[in-house]
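Residue numbers (our numbering), protein chains in the order written: chain A, 1 to 285; chain B, 286 to 558.
These aren't lab readings, by the way, just hints derived from the structure by calculation. Every residue, glycine too, gets a C-beta built ideally from N, C-alpha and C. Heads up, some of the hints might be wrong.
[Said to hold, decoys possible] Chain B residues, not near chain A, derived (Cβ > 10 Å throughout):
1) SER296
2) LEU305
3) VAL364
4) GLY410
5) ARG417
6) VAL438
7) GLY447
8) VAL475
9) ASN496
10) THR506
11) VAL537
12) ALA541
13) GLN544
14) ILE546
[Claimed, not checked] Just so you have them, the derived chain B footprint on chain A, three or more residues with Cβ under 8 Å:
15) 142 to 149
16) 157 to 169
17) 220 to 232
[Unchecked claim] So the derived label-pair ranges between C-beta atoms look like this:
18) B:ARG354 / A:LEU181: 49 to 59 Å
19) A:ALA276 / B:LEU395: 13 to 23 Å
20) A:LEU181 / B:VAL459: 18 to 28 Å
21) A:ALA17 / B:ALA534: 32 to 42 Å
In case you want the letters, here they are:
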Amino acid sequence: MTARFRTGNDAMGPSAAWLAPAALFLVFAFVVPFAALLRAAGSAAPGALARELAGVWTHPHTRRALANGLALSAGVSLAAILLCLPPAGLLARRRFPGRGAARLLLSVPLAFSGVIVGFLAIVMLGRVGFIPAVATALFGRPLGAGLAYALPGLFLAYLFFEIPRAVLALEAAFARLDPELDAAARSLGAGAWQRFFRVTLPALRPAIVATFATTFSVSLGSYGAALILSRRFSVLPVEAYQEFTAFGNDAGASAMALWLAAVSIAVSAAARRAAAAGRSAGERG
Amino acid sequence: MRRISGARLRSGAAALLLVLLLAVVAAPLAVVVAGSVLDPRALGLTSETWEKGSHHATWFSYVLSLYGRHLARSAVLAVCVVALAFAIGAPAAYGLSRRKDAAARALAVLLDVPLAVPGLAVAIGLLLAYPRARASGATLAAGHLLYALPFFVRAAGNALSGGNVPELEEAAAVSGAGRWQRFRRVVLPVARPGLLAGALMAFTISWGEFNVSFLLATPTTSTFPSALYLTYTTNSFPVAAAATTLFLAAAVPALAVLQRIASPEAARFGEAA
């Protein structure tokens, strides 16, 4: 409890020791395991790493699983942004009764794993789902029955999962927009659509790109919904899981894990760069 | 005239989309929660016949008898993850908010990288690196913490550098308080809402985590989301609905408090979750 006066040191900020626990944890919980993935994929022989990595792409089964995941994640992310952009703007700019409840409800899927989302899809669009039951009562036909197990169901399940991420991120971006810009455009005689496409959308571009990266990464890495729903439509995490647990193929599973990590990190890095470029060029410049 | 109708049309379309999104999220949740207390035949969800006297209350107690251990483990693990996030993350957030050197920048990047790495990749890596730590659940906790920590540090960092915290700290320094004393007596109390927001995010992430847990968990460490997978694949609808409702019973209040105390932080949750 000795009170010391250390102006010189304090002006520099706290010592690096404050960062040490987090740095140590990240090294042991992330860097070392990542190195273990590289080692497991390449331990068999010299050049094995490249061969295993190439094998994921040349083997039609795993390539299809990877391509499935990429297409699904990109499509779901685009759809989530398109669907969530207008409501996010509404939530950010208007104060209306029930706004808090609406935001809470839209944030609930944040806590879900893909498995729960898969179950919800079956509840709504399974062979004896709620929507077919309602459709039978109304139109006499079980519309949408079994849809959960086909590609549209998987798409909707992943979309459900990304709604909170897209809405909350885009709402925050709308809230950061400078209202003066819109007012200036209005005073110059720009119409509502013109202002949206010429002023609002360019200013939101960095946030849209960042949101795409987030939803893409989350979709690519999530496999619970695919595990529950898809019989034929496989994604790479499911393949890696089976390779690791059922076949004990550490090298193959590690190669798939590295593919997933590499694609996801590359998309995030590209998005981060694009967002930073957009931000420095557009928002403040 | 046309300008006004354009703006009207736009906000009308936005309101319609908002209602659509709300319906898409609310409808399945409502059906599941209703299905956990009502006869599923009333919802048109099954053609199975239920034994007379099979009471809805028993679905919850049945779930608890099957998966009570998983539920308890998930709660303990989530609390441990929150405690670890606090112990490791609060000092890191403080350091990051006051230092702008290369070490701080490197740590900030390293904190965020795991968010872009699929949970299954992290799980396989942890398993390969520490095969013997699996049984204790240590790798499971590490995997959860890896995804919870960046959110905790960000929420805490905003709280620690926002408002008048730096000025208050300076005043305490001038009055002769040392670094640790200032952190404990000045910075932490002022940053309490942000720290609470970070803690709730860490709890929510751990509570729902499946991507890492499904591979890392053993029968003795397996958590509730893995139990949900078992329920969905082996049990009937009312049991699955009751289990899902139990999951929601902890997740929704956490999200509600989070939104109440810190909407900006909650928004960031969406930005990078």
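Hints, verified against the model:
no. : hint                            : verdict
1   : SER296                          : violated, 7 Å
2   : LEU305                          : violated, 8 Å
3   : VAL364                          : holds, 16 Å
4   : GLY410                          : violated, 3 Å
5   : ARG417                          : holds, 13 Å
6   : VAL438                          : violated, 7 Å
7   : GLY447                          : holds, 15 Å
8   : VAL475                          : holds, 16 Å
9   : ASN496                          : violated, 6 Å
10  : THR506                          : holds, 16 Å
11  : VAL537                          : violated, 6 Å
12  : ALA541                          : violated, 6 Å
13  : GLN544                          : violated, 5 Å
14  : ILE546                          : holds, 12 Å
15  : 142 to 149                      : violated (count 0)
16  : 157 to 169                      : holds (count 8)
17  : 220 to 232                      : holds (count 7)
18  : B:ARG354 / A:LEU181: 49 to 59 Å : holds, 56 Å
19  : A:ALA276 / B:LEU395: 13 to 23 Å : holds, 18 Å
20  : A:LEU181 / B:VAL459: 18 to 28 Å : violated, 42 Å
21  : A:ALA17 / B:ALA534: 32 to 42 Å  : holds, 41 Å
Violated hints for the displayed structure, listed by number in ascending order: 1, 2, 4, 6, 9, 11, 12, 13, 15 and 20.
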